[in-house]
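All chains, please: the whole structure from these sequences, using the hints.
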Amino acid sequence: YEGDETFTLSGASSSQTGTVSGEATIQDGGEGSDNDRPDITVTGAGTVSEGEVATFSINLSNPVDHAVTLDLRAKTNGNA
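Using the numbering used here, the first residue of the sequence shown is number 36, and each one after it goes up by one.
Heads up, a few of these hints could be off.
What the hints assert, rightly or not - Quick list of the computed label-pair ranges, beta carbon to beta carbon:
| # | residue 1 | residue 2 | range |
| --- | --- | --- | --- |
| 1 | E58 | K110 | 41 to 49 Å |
| 2 | D63 | L107 | 51 to 59 Å |
| 3 | D71 | Q51 | 39 to 47 Å |
| 4 | A59 | S92 | 34 to 42 Å |
| 5 | L95 | E40 | 13 to 21 Å |
These are calculated hints, taken from the structure and not from any lab test.
The C-beta atom is built at its ideal place from N, Cα and C for all residues, glycine as well.
Structure follows, in C-alpha cells:
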C-alpha cells in the first residue's frame, strides 16, 4: 500500500520559449480490485498476573511505504 503519490512533469520545446509543467496525483485509497491496504493483527499475551509484563505482537498483512500509527488503550473488566 503506497497511499497517494504526487508528481510533476515539465518540458521545453524548441518552438516555444520557456518551459511548461503540470502536476498530477495518483490516488491509492486501497479500494477496488487492487485493494492492498494492510490488515492489522494483534496477538496477546493471554492471562498475565498483576505486576508481570504483557507482550503483544502487532503485524501488518502486507508492507507499506509510510509510517503506521496505532492508538492502543488498556481495558480492565471491560472498562477503558
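Each hint, compared with the structure:
1. E58 x K110: 41 to 49 Å: holds, 46 Å
2. D63 x L107: 51 to 59 Å: violated, 26 Å
3. D71 x Q51: 39 to 47 Å: Holds, since D71 and Q51 (Cβ atoms, about 41 Å apart) stay within the stated range.
4. A59 x S92: 34 to 42 Å: holds, 39 Å
5. L95 x E40: 13 to 21 Å: For E40 against L95, whose Cβ atoms are near 19 Å apart, the range 13 to 21 Å holds.
Violated hints amount to a single one, hint 2; each of the other numbered hints is respected by the structure.
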